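Q: The lines below spell out each chain.
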Amino acid sequence: GENVEQHPSTLSVQEGDSAVIKCTYSDSASNYFPWYKQELGKGPQLIIDIRSNVGEKKDQRIAVTLNKTAKHFSLHITETQPEDSAVYFCAAIRYNTDKLIFGTGTRLQVFP
Amino acid sequence: KAGVTQTPRYLIKTRGQQVTLSCSPISGHRSVSWYQQTPGQGLQFLFEYFSETQRNKGNFPGRFSGRQFSNSRSEMNVSTLELGDSALYLCASTSRGGSSYEQYFGPGTRLTVT
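So the protein sequences, as listed, match chains A and B.
In terms of our numbering, the first sequence has 98 at position 98, counting the first letter as 1, and numbering is strictly consecutive.
In terms of our numbering, the second sequence has 23 at position 23, counting the first letter as 1, and numbering is strictly consecutive.
You may find that some hints are simply not true.
Stated by the list, open to error - Once the Cα atoms are required to be at most 30 Å apart in a straight line, the calculated DSBU-like pairs of lysine-lysine come out as:
hint, chain 1, residue 1, chain 2, residue 2
1, A, Lys-68, A, Lys-22
2, A, Lys-71, B, Lys-13
3, A, Lys-22, B, Lys-13
4, A, Lys-22, A, Lys-37
5, A, Lys-71, A, Lys-58
6, A, Lys-22, A, Lys-71
7, B, Lys-13, A, Lys-68
8, B, Lys-57, A, Lys-71
9, A, Lys-22, A, Lys-58
10, B, Lys-57, A, Lys-42
11, A, Lys-57, A, Lys-42
12, B, Lys-57, A, Lys-68
13, A, Lys-37, A, Lys-58
14, B, Lys-57, A, Lys-37
Unchecked claim - Computed footprint of chain B on chain A; a stretch qualifies when at least three of its residues, placed anywhere within it, have a C-beta under 8 Å from a C-beta of chain B:
hint, stretch
15, 25 to 37
16, 44 to 55
17, 96 to 103
As the list claims (entries may be wrong) - One-sided excerpt, in silico: chain B residues whose CB lies under 8 Å from chain A:
hint, residue
18, Ile-26
19, His-29
20, Ser-31
21, Ser-33
22, Gly-42
23, Leu-43
24, Glu-48
25, Phe-60
26, Gly-62
27, Thr-94
28, Glu-102
29, Gln-103
30, Phe-105
Since the hints were derived computationally from the structure, they do not count as laboratory data.
The model shown is predicted, which means the values in this text are computed figures rather than measured ones.
Just so it is clear, CB atoms sit at the ideal spot from N, CA and C, and this is done for glycine as well.
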């Protein structure tokens, strides 16, 4: 069935370093891949997304890449800051279902 | 523009009781989805409503149900509560237009079943 694997489950970096989170999806019909950041006590917040017809997208310090052939997509955060500390979730979806399949989450800790 | 709102934010219920959670999507959004978040199972899709019709359903028992009203507000109901139903219940509303698609989440309702 539909599945999204996410790695690593925890990631600790020094402030200013880069962080990379990787996801693999199983449903080849998936065509939209959002990334969410969830802080304690809050709902997931959409931070960036990518569509299947695009290979890479960047927004300031965050970027996402997509390899449709390998069914891989990744989140890259550069120049990390303590406020980047949170749990990050990748997800995959087919446009016509509105049913997000989430990865298991990555807890990112950025140490000052 | 106001975000997705969910009420109540916190709820404590006893096994066997039933509960109703409410969600108001972002103004203009007609699709509402519900998710259950637990430490063990992560984020799992419950169901999705569009124009008062359930379009998609996840793998949850029939005790979990929902509905959507003509103003796009949605409710979900869980009957005969079990301890395992303790979770954060998240509502999301979807913005769709042309090639644009984004799903926004509310803050969630934390349900504790004792």
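Q: So, for every hint listed, does it hold in this structure?
A: Verification of the hints:
no. : hint                 : in the structure
1   : A:Lys-68 to A:Lys-22 : 13 Å, holds
2   : A:Lys-71 to B:Lys-13 : 42 Å, violated
3   : A:Lys-22 to B:Lys-13 : 38 Å, violated
4   : A:Lys-22 to A:Lys-37 : 14 Å, holds
5   : A:Lys-71 to A:Lys-58 : 19 Å, holds
6   : A:Lys-22 to A:Lys-71 : 11 Å, holds
7   : B:Lys-13 to A:Lys-68 : 45 Å, violated
8   : B:Lys-57 to A:Lys-71 : 25 Å, holds
9   : A:Lys-22 to A:Lys-58 : 16 Å, holds
10  : B:Lys-57 to A:Lys-42 : 24 Å, holds
11  : A:Lys-57 to A:Lys-42 : 26 Å, holds
12  : B:Lys-57 to A:Lys-68 : 26 Å, holds
13  : A:Lys-37 to A:Lys-58 : 16 Å, holds
14  : B:Lys-57 to A:Lys-37 : 25 Å, holds
15  : 25 to 37             : holds (count 3)
16  : 44 to 55             : holds (count 5)
17  : 96 to 103            : holds (count 7)
18  : Ile-26               : 12 Å, violated
19  : His-29               : 11 Å, violated
20  : Ser-31               : 5 Å, holds
21  : Ser-33               : 5 Å, holds
22  : Gly-42               : 5 Å, holds
23  : Leu-43               : 4 Å, holds
24  : Glu-48               : 5 Å, holds
25  : Phe-60               : 13 Å, violated
26  : Gly-62               : 18 Å, violated
27  : Thr-94               : 5 Å, holds
28  : Glu-102              : 6 Å, holds
29  : Gln-103              : 6 Å, holds
30  : Phe-105              : 4 Å, holds
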